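In order, the protein sequence lines correspond to chains F and E.
Heads up: take any position in the first sequence, counting from 1, add 954, and you land on our numbering.
Heads up: take any position in the second sequence, counting from 1, add 642, and you land on our numbering.
Accuracy of the hints is not assured; some may be wrong.
Partner residues are not named here, just some residues of chain F that face chain E (Cβ under 7 angstroms, in silico) [as the list claims (entries may be wrong)]:
{"no.": "1", "residue": "Y993"}
{"no.": "2", "residue": "P994"}
{"no.": "3", "residue": "H997"}
{"no.": "4", "residue": "L998"}
{"no.": "5", "residue": "F1021"}
{"no.": "6", "residue": "G1052"}
{"no.": "7", "residue": "G1059"}
{"no.": "8", "residue": "G1060"}
Pair by pair, the computed Cβ-Cβ distance ranges are [stated by the list, open to error]:
{"no.": "9", "chain 1": "E", "residue 1": "L653", "chain 2": "F", "residue 2": "M1064", "range": "28 to 34 angstroms"}
{"no.": "10", "chain 1": "E", "residue 1": "Q660", "chain 2": "F", "residue 2": "A955", "range": "28 to 34 angstroms"}
{"no.": "11", "chain 1": "F", "residue 1": "E1020", "chain 2": "E", "residue 2": "V680", "range": "36 to 42 angstroms"}
{"no.": "12", "chain 1": "F", "residue 1": "K1023", "chain 2": "E", "residue 2": "H652", "range": "39 to 45 angstroms"}
{"no.": "13", "chain 1": "F", "residue 1": "Q996", "chain 2": "E", "residue 2": "G670", "range": "22 to 28 angstroms"}
{"no.": "14", "chain 1": "E", "residue 1": "T662", "chain 2": "F", "residue 2": "P1067", "range": "41 to 47 angstroms"}
Worth flagging that the hints you see were computed from the coordinates, not collected in a lab.
As the structure is a computational prediction, the values presented were derived from the model and not from experiment.
Glycine included, every Cβ here is placed at the ideal spot set by N, Cα and C.
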Amino acid sequence: AQSVSQHNHHVILSEAASLELGCNYSYGGTVNLFWYVQYPGQHLQLLLKYFSGDPLVKGIKGFEAEFIKSKFSFNLRKPSVQWSDTAEYFCAVNGNAGNMLTFGGGTRLMVKP
Amino acid sequence: DAGVTQSPTHLIKTRGQQVTLRCSPISGHKSVSWYQQVLGQGPQFIFQYYEKEERGRGNFPDRFSARQFPNYSSELNVNALLLGDSALYLCASSLAAGGSGANVLTFGAGSRLTVL
């Protein structure tokens, strides 16, 4: 069975600070990796995805993530956060032939203006 | 273009009752998946349907059932409700049931169920 672990449950940053959210997964085969974001009062939205190729993927709103196969990791980064980045971030993995996603527990990010 | 739409948005039920949640996928999407998101946790997979057939089932009891209609909309039914069924139920649609490009799920806003 696949599982996803997000190390930080709550993160508080000031505007312009750099962000890195950790995500580790356990699955022995080929995986597709995702980061979803849930802004307050809104639905889950896709931030970025990795299927194959360049392990450094860029998403919307200046976010990027790096797939490190040897570490089973897919950490999310942003060089300079904004107040509007306040949201809950979910890492997810799909490792089977279908598109069932296994989500991590989420990281709640608060950016102070 | 309309996104994934779910109804109702909020509902309150009592223990032992039954509930039906509805989902309309994005136009052209043939696969619908259901997830349960308990407060403070990540979404957990319940079902996937594609072309009216069940393609996957998560670790949920038989009280949970679903179906997909010819127009690709879907219903999730939960019988004999328990307090622990209180959660946000998310529907997601995708073009197909598998394959890299078809693996991107688009989520609806969810139906928030409270069981008293």
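Cross-check of the supplied hints:
Annotation: interface hint on Y993/F violated; nearest CB of chain E at approximately 12 angstroms, more than 7 angstroms. Residue-level restraint check for P994/F is violated (minimum Cβ-Cβ distance to chain E is 13 angstroms; threshold 7 angstroms). Annotation: H997/F was flagged as interfacial toward chain E, and the flag holds, the nearest CB pair being 4 angstroms apart, inside 7 angstroms. A distance limit of 7 angstroms between C-beta atoms decides the matter here; for L998/F the minimum to chain E is near 4 angstroms, and the interface restraint holds.
Because the smallest distance between the Cβ of F1021/F and any Cβ of chain E comes to about 14 angstroms, over 7 angstroms, the interface hint for this residue is violated. Against a cut-off of 7 angstroms between C-beta atoms, the interface hint on G1052/F holds, since the closest Cβ of chain E lies about 5 angstroms away. At its closest, the beta carbon of G1059/F sits 5 angstroms from a beta carbon of chain E; the interface hint therefore holds under the 7 angstroms criterion. At about 5 angstroms, the closest approach between the beta carbon of G1060/F and any beta carbon in chain E falls short of 7 angstroms, and the interface hint on this residue holds.
In this structure the supplied range 28 to 34 angstroms holds for L653/E paired with M1064/F, their Cβ-Cβ distance being about 30 angstroms. Restraint check, Q660/E to A955/F: a C-beta distance of roughly 30 angstroms satisfies the suggested window 28 to 34 angstroms. One distance hint, 36 to 42 angstroms for the beta-carbon pair E1020/F and V680/E, is violated here, with the actual separation near 30 angstroms. Range check, K1023/F to H652/E: Cβ separation about 42 angstroms, and the 39 to 45 angstroms hint holds.
Roughly 23 angstroms separates the CB atoms of Q996/F and G670/E, a value that falls within the hinted 22 to 28 angstroms. Between T662/E and P1067/F, the C-beta spacing of about 43 angstroms keeps the proposed range 41 to 47 angstroms intact.
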